[in-house]
Structure formats: structure tokens, C-alpha cells
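K.L.:
Chain residues, written in single-letter form:
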Amino acid sequence: MTDRLPIRKTYKLFIGGAFVRSESGRYDRIEGGSGAAAAAAVNIPRGSRKDVRDAVAAARKSSTDWAERTAYNRGQILYRFAEALESRRADIGAPADEVGEAVDVLVHYAGWTDKLQPVLGGINPVAAPYLSFSVPEPTGVVGLVAPDSPPLLGLVAELAPALAAGNTVVVVLSEKLPLSGLDLGEVLGIADVPAGVVNLLSGRRAELAPVLAGHHALNAIVDASADAALGAEIDKLAAESVTRVRHAAPTRSYSDATADPLSRLEALTELKTAWHPVGA
Amino acid sequence: MATQEQRTSIVWDYAPAPESPDHVRLRDSYGLFIDGEFQEPVDGTRVPTINPATEEPVAEVAFAGAEDVRRAVQAARAAQAGWAALSGLERGKYLFRIARLMQERARELAIVESMDGGKPIRESRDVDVPLAAAHFFHYAGWTDKLSYAMGGRSVEPLGVAGQIVPWNFPLLMAAWKLAPALAAGNTAVLKPAETTPLTALLLAEILQEAELPPGVVQIVPGDGATGAALVREPDIDKVAFTGSTGVGKDIQSALAGRGIPLTLELGGKSANIVFEDAALDQAVEGIVNGIFFNQGHVCCAGSRLLIQESVADTVIGKLWERMGRLRVGDPLDKNTDVGAINSREQLDRIEALVASGEEEGAVRRTVACELPSRGFWFAPTLFTDVAPAHRIAAEEIFGPVVSVLTFRTQAEAIEKANSTPYGLAAGIWTDKGSKAFEVAAALQAGVIWQNTYNKFDPSAAFGGYKESGFGREGGLAGLRAYVRIAR
Amino acid sequence: MTVARGIAGDYVYAALRHTHGVIRRLPHVDRVGIEERAATLGKRSIKTSAKEQGIRLAVSMVDLTTLEGSDTPGKVRHLCAKAVCPAPTMPEIPSVAAVCVYPSLVGVAREALDGTGVRAASVATAFPSGQASLDVKLRDTEEAVAAGAEEIDMVISREAFLAGDDARVMEEIVRVKDVCGDAHLKVILETAELGSYDHVRHASMLAMEAGADFIKTSTGKASSGATPGVTLVMLEAIRDYVDRSGRVVGMKAAGGVSNSKAALHRLVLVKETLGDEWLTPERFRIGASSLLNDLLMQYQKTQTGRYARPEDFSKE
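Chains as they are written, first to last, in the working numbering: chain A, 1 to 280; chain B, 1001 to 1487; chain C, 2001 to 2316.
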């Protein structure tokens, strides 16, 4: 059977729970496929501004349902995402150790979904006859400019807290090393994560990140590019619609990803405070 | 005693809808679960555990003797340092595994819970088992975040926990005890109740499937003597008990002078308060849920119904009619609302208190229903014309019996609700939010349900005031009960 | 059934007809509580003989309905034949309760149904929106009655209701009931447009006090209809009204009851809220079109043990 011709994988964008080609029809050619269909070089979609538009629309559409699920349900889905990634360790185009750490990061953040409120929220001891309480709510749709290295762990380290906090996400994958991110789409496909909650775009970072940052329907953007010039550009574009920005330091390990989870989570929540009189 | 009016002729009856136990894997005989294995008791005994709906034996179990208890504590001690030394993440992964396995075997666990204890399958399936899995899931997520629960301080486990759970929610109470203890790095010796050991033993099998390191959990069924032996073991660092106030006091007394942290979840005589501006039909559902859920075998049951006089006749009328629709019978029938009383002893206690109610002059109404000839049964019962001094208003009945008192003003309701040595829960029914919060602030009860009743969640702390116990389970507080600030 | 007088917190609805300009006070319905109760009753397990009997009962309560711009006499005649004999191969399946059509076709229906026991029902009052003058709505009703309608399904004026004009809502119902003659009157609340369960209960009480013979959830033309929660709210309102007044008012669940499981769930709600004596077409109806075939398919499965093929049953 050694002469059998293998079936090559076609890499596609992951938008609204579906695997689609770029609406522009453009492709880039890069080195190295993964798994059984490895070839010397592969084609990956070169995402366009319209793909960004479609991805944000999909993320918006799914954001209400995702936010309204119980924290317990979101935690279970993130844990299942971990189960799915663990079971696909051999097929993801990333070293086994890196995949293992990414799985552990997902497990860590799966456990945060129903811990955020007790830690970040609470009852406020106001000096008047009112019950006043503050709860952290998801900010909504979060853009994520994924880092180059390590491509899978660095991506998951920002994706997991965004999801754990109840947000939906649009990712601009690493331009140099997008394959493990695109493979993650396949993992999401089996992980019970609802369609549109995570959207994955490959292509040229300089083309896609500014479009995403400047999209007025985005609530927040996490920039993990470690590119200072791009970071400044993102800051300016975000200012047009007061989009929240977080510049994320590189994540090299599980320890990095979980050393300060609260900052990653809190940056993507809105704190709502309510008051109600006490007194019939 | 007035009985239900003759029901109108049935136009459409539900056919029997039994949940089939044919896929349930039960052994004929279970040993004690010590150090990761089922072992023969050294000085214990073997007893059958029966199905209270049929009085038939379900399986044989071992009751631990004092030496067995000592061996269990030894195993827990031997495993504790290693368990605590694991990273939080790794400990959490074991607990996540346990949660997922419980979800997979959910149906089997629910059936066995109903067979061993008598509660309706609908409850064990929809409440007990899912909540138990959720507790493991919730605390699995705390294992590597403990400092966030402790104001940034680093913490260490207490060591070996001795845990005694009751017969009314056997699996759920085991989860409430084990999950936080293990998450914080403690090991445990758990003693299930005398009449309901089976789901804890199935849980032991799940722990084996999850490859939990041996010695982290021991499960040693037994009676009161077994529990007393566990509490008196010198090498334990923490005791947690859920059960009657009487036994709780014994345990607190037995621990005198030892400096061992203690959590007690004891009895209650909780007031369910209905104001005239409540959504009355939903309040009636809440009353029914509050006292007939699990046959009233609930520590936080709304056993005292306080109704504002202006709506008392209406509410009582609606309640009585609603009670007439309760389906009492085979716990394994999916349409059963009220199952069997857990044991002959409990049935005797209920009957004695109900008799006292009639003797003291309260007016009794009991739903007329056909009860099976075998098994332990008590039909849902309503007492009106109850005075606060009556035994049925003051003592915990722990059965499907609700005592109705009336009040005129909010202040009177609060005063009556608080006039009890107990303080576990309360229900407040009003559509006026500001009143709901004001009354909640005034009630001496650890759990307040507004416009609902009997709601539980792993993230929401649960526990009582006064003689309903101290310490909390669930939420951050439940975690803090199993740690101390690192030295 | 216990009779409870003077329900505190309930309002003197009869007097509302004459109290213009008074700001309404809504009754209290707890949404979470209602939906939990309705969902719990959806877990009743209806098997074997109970399922067969329940399906036959549900068929007998169906108002087989067609309310399309494209309806013609031919279509209505086909529908009436199906209404009288829904499943020729299963003669134990009863006729449905009624056929419901537009006023322009109720004469055709009446003729086709004559002598069969199935009643001819017509919508009226500028169905479905009700956005017309009272005169136009009354004439619409009169023509339907004159054409042979034995049952009239009217719509309340949501425009008046949402403006808080309870008196006008009730007045219209009283006037329509007047011109119904011997025809019985169902009052459609269009629950999806009312706002909340409090409003559904309030509208139910207004309609009953104004003389409705049945209260009905929806026109079938709005975004939602007889959800379990809405159905339960209306059944509870009926229970209180009947207790207080002694007059029986029926309920019609229309919209969203699209398969047997949903139909049986509604029957459970009726049984466990009002009792078995309400499980009759005289007191409970289900407005449906595609439901009937699902009932027949499920019934066939109870008889043969096999899942049925939808095409085996004619659409009309």
C-alpha cells in the first residue's frame, strides 16, 4: 500500500461555523502541511476585508446566544474543546508538547467561566438603603491578532480567556505560521462550540488587522502581534469607535498563559452595576 | 380529618411509564472502598440495603467497624501529601474526569438513587445527578485558582477530612463534600448513610475509572456507630456532617477540645412566606415544590407556610386543589411526583408527629390516593389552624406535611419566621422587589429564595443560621472550609 | 372544584368596561415560575394506551384551519372531507372539532359539513390585524354568521390594548358577541403582541368578563402562538374566572402546536391545571393545519410499531 497517493488537505477559512474559501479567491503559498497530507508547500486562503466583514457579522450574530448561556454551559464547552484538541494532538500542525500545553490552557480557562463573577463582581456596601451589585458581562465581539510564535499556544492563550468571559472572537491568524490555527478550526468543528463563536482568518496581517481594528461593530481587540508599529496603528483605528484595546505580551508556555488570567479576562468584560431599593 | 373530595372520573389517564433498570450494573455485594480498592470489612458487618418502595433488597453492602474506619483514615493520610503536591491543574483534571464520567453514567446513577432511597426518578434524573456532576465540574476549576478565592493569599489544605452524609440526597451530598475537599488538596473518608449506600459505591467505581490515586477517597458505609467512630479518629483534620440537629450536636460535643474545624448542615423548619401581592399561582407551585419535593425529606423544606391573611383562603384553596394532582407511587415511574418514605423509622416519626398535630387541635387534610401495599408511604398532608406552639409548627417532620399559619403584616411575618431555633432557609413570595429584599435582610436564615424555592447551584453558598448548623457548602465559602492560609 | 371568592389582587374586570382613563393594574405572573411549571409538565411520559388515547383526543379537538389568500371553494371542500374523516384506513380516528376559514368561504364549509357534527367556524373582525373601524368589524361578523358560521373567532384590538384602553377592548368584544346570535365566540388575544405574561393574563380576564365563550392565543399569523407558558397562563386565568363567576369559558391553543408531542403537552397542561372534565372539544381546541397529519403518523406508529412515511397521508 506504500504507493497509495494521499489525499491532500485543502485549507479553508472558518467563518460562522463553516469552512469557506476567501471571497476574494486569492491564495498564498507557504511551506509545510501537517499530518497525512503533508506536502512541500501548501496553499492557504488570503483573507480579504470582506472576509473580515463576514466574520464580524457571524461573531455578532452568535454573541447574544453565547453570552446568555450559563457560565456552567460555557465551561463545559471549553472543556470539550480541550477534549477535542487532546484527541487531535497528532494531526495538528504543531509540536506535541505545544499542543499539550494548549490543552492545559483550555482546561484552566474552562474552570474560569463560573469563577469570574465571584472574583470580579460582588455586592457593593453602599451607604444608603439599596441593594447594589456589580457583575462582569462579556464585552461582546473581540478581535484577536494572533502571534507568530508559538503559533498554537499563543493563539489559544488569548482565545481561551476571551471565550471564557463570554465573548465571540474573530482571529487574524499568524501570517507566517497559520496552519495550526487553521487546523484549530477543524477541532472547533467537533467541539460543540456554536457556529460563529470563533472565526479564523488566514492572510496578510497588514491587510487584515487594520480592517478588523477599524470595524466599528467590534467591542474589543487583543493585539498579540508584538509589532509596535502595528500596535500603534491598531490603537488609532480603535479610537474611532472607542474599541477597547489590549496589547498582549508573548506567551511562551502554559505558565505564561495562566500567570495572570484575571487581566486577560477582565480586559474583555464590562462591569454592570445595578441598584434596587430595600424597603417595602 | 377531611379527605380529598372524590375525584371526577378520569377521562385520560397516564399509562405506567417505568424507567427500566435493565442496563444498570449492580454487584450483588459491595466491600468497603479503601485505598483504591473494594475490601472486605475487618470488623464490620454485611447488611442488605433495601428498596423502600418494595421492601426488597437491592444489594448487600459492608458496614465499617471501628478498625475499618481506622484503616480508612490511615489510607487517606498516606495519600494526602502526594495529592496536595500535585499541581492544581493535575488535581483539577482528575475532578473533571469524575464529572464527565458521572454525566456518562447519569441514567444508571439516577435509577440506583431512586431504587435505594425512594425518590422519584424524575428528581434523581433531573436534579440530583446533574447537580452532583456540576459540583465536581465547578470545583475542578478552582484547583489551580485557589489564591483568587482567598484574597490573593496562598493556602494549603487541612489534611484528612472525615465526612458524613445523609440519606435524602446521597450522591449529591457526597459530591458537595468530596469536590471542594479534593480540589483544595485534602483527602477524604466519606461515610454514606445507613439506608442509602449504593450511589456512593458506584461513585467509588467511577473514581477507579478516573484513575484517582488510591487513598485520596475512602467510602465506608455504616450506621451511627460508624460515624461516631470516624469523628473520634485521632488522625483527622476536618469534619463535615450533614444530618439531624441532634446528631450534629453530638458531633460538635465529641470534637470538644480538639481544635478541629467543623462544618454542620443540620435540620430546619423553614418558613415559606406568601404576601398578598405575590404571583399566587406560581407561589402555590413554589409551596408544593418547597414541601413535597423529595417527599419533604429536605433539610431546607418550606414546612411552615406563612400566608398573609388577606389571601389565605384563596391560597389554601389553590394549594389543596394542587395537592390533589400530585401523583404518589412507584419511584421508578417517570410520572411519579412523590415517592416512598426512606425507611420504616422515618415513616414512624412522621406518623407520630402528624398524630400530635391532630391531638393538639390542628385541622388535617390528606390527599386521597391509592398507596401500594408494600413499601413505606405517606400521602401529602396539609394542616391548617396551626398555632406556633404546636409540635407540628416547631419540630422538623421531614415528610410531606405542610403546616399553615397566617400573618397580618410584614413585621409579624418576619417575627414568626424567626421564632425558631432553626435558621436554614426561607421563601418570600411578593412581586414587590424592595419588599423581597427588605424581608430577606430581616430573616435569620442562611438561604433565602425569592419567588422560587429549592434552587441549588455549585456556585451559590448554602448553609444555616443557629441550630441549622454552621459553615457553608458551595461557592467560595465552600472552598474556604477546606483550606487554611499557608504558614 | 373549590370555589374561592374575592381573590385579592384580582381586579373588578366587569367594571373596567365603564372606567375610561383609569390606568390599568396588571395581575402578577412570574415568568420563571410559569415556564418551569410548563416545562416540568412537558416531562410527563405518555406511552402506550395513554398515547393512543391522547392522540385520538387531540384529533377530536382540532380546528382544521386554512386562512390563505389563495383559498378557494375547492380547497375548502377537500379540507372538510379530511376534517370529517381524517384517516380512512384508521376508522377509530374521530372527526375533528371544526373547520376554520375566512368569512367568504364559511358558506362552502357549512354546506360541506352539514350533518357531520363537525362545526363550521369563521374568523372575523378584520382578521388578523383587527385594524379597522368597529362598524366594519361588526359587519364582517354579521356576514359570516349569515353565511352559516356556527363559531366566530374574533381578534381583540391590540391597538386599543397597547394604548391601555381596556374599556374599548371590552366594548368591542361585547358588541361582537351581540351580533353572533347563536354562534359561539372565540376571542383571539394575539399573545405574541401583548408584551408579557402579565399582559396575557390581563387580556384573558378582559375577554372573559366581556363574554367570550373561548379565549384563543393567536391568529397563527404572528411570530409565536400557544407556547407552553402562554397556554398555562391562560388556563390559570380561566381557572380563577370560572371559580369566581361560575361560568365556563373554553380555551383554544393556536399557533406553534405543530406536532403530536406538542399537542399532548398541551393536553397535559389542561389536565393538570383544570382537570379531566376539561379534556373535551366543548372546552379545549387546538388550532392547526399540519398538526393533524403528525397526529395520524404517530397514531399509526402506535398501531404498527413502525415510523410512518409522511406522504401516506393526504395534505387535504
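One or more of the hints may lead you astray.
Derived contacts from chain C toward chain B, CB cut-off under 10 Å, selection only [unchecked claim]:
id, residue
1, Arg2031
2, Val2174
3, Leu2194
4, Gly2195
5, Glu2272
Using 20 Å as the maximum straight-line C-alpha spacing, the simulated EDC-like pairs for lysine to aspartate or glutamate come out as follows [what the hints assert, rightly or not]:
id, chain 1, residue 1, chain 2, residue 2
6, C, Lys2261, B, Asp1013
7, B, Lys1093, B, Asp1013
8, B, Lys1455, C, Glu2035
9, B, Lys1093, A, Glu86
Pairwise CB distance ranges, derived in the manner of DEER restraints [claimed, not checked]:
id, chain 1, residue 1, chain 2, residue 2, range
10, C, Gln2131, B, Val1011, 35 to 43 Å
11, C, Thr2072, A, Ala274, 51 to 59 Å
12, B, Glu1104, C, Gln2131, 33 to 41 Å
13, B, Ser1154, A, Ile123, 22 to 30 Å
Calculated directly from the structure, the hints in this document are not laboratory data. Heads up, the beta-carbon is just placed ideally off N, CA and C, and yes, glycines get one too.
K.L.:
State for each hint whether it applies.
P.N.:
Outcome of the hint check:
| no. | hint | verdict |
| --- | --- | --- |
| 1 | Arg2031 | holds, 9 Å |
| 2 | Val2174 | violated, 27 Å |
| 3 | Leu2194 | violated, 17 Å |
| 4 | Gly2195 | violated, 16 Å |
| 5 | Glu2272 | holds, 5 Å |
| 6 | C:Lys2261 / B:Asp1013 | holds, 16 Å |
| 7 | B:Lys1093 / B:Asp1013 | violated, 48 Å |
| 8 | B:Lys1455 / C:Glu2035 | holds, 15 Å |
| 9 | B:Lys1093 / A:Glu86 | holds, 13 Å |
| 10 | C:Gln2131 / B:Val1011: 35 to 43 Å | holds, 40 Å |
| 11 | C:Thr2072 / A:Ala274: 51 to 59 Å | holds, 57 Å |
| 12 | B:Glu1104 / C:Gln2131: 33 to 41 Å | violated, 56 Å |
| 13 | B:Ser1154 / A:Ile123: 22 to 30 Å | holds, 26 Å |
The structure fails to meet hints 2, 3, 4, 7 and 12 from the earlier list, while all remaining hints are met.
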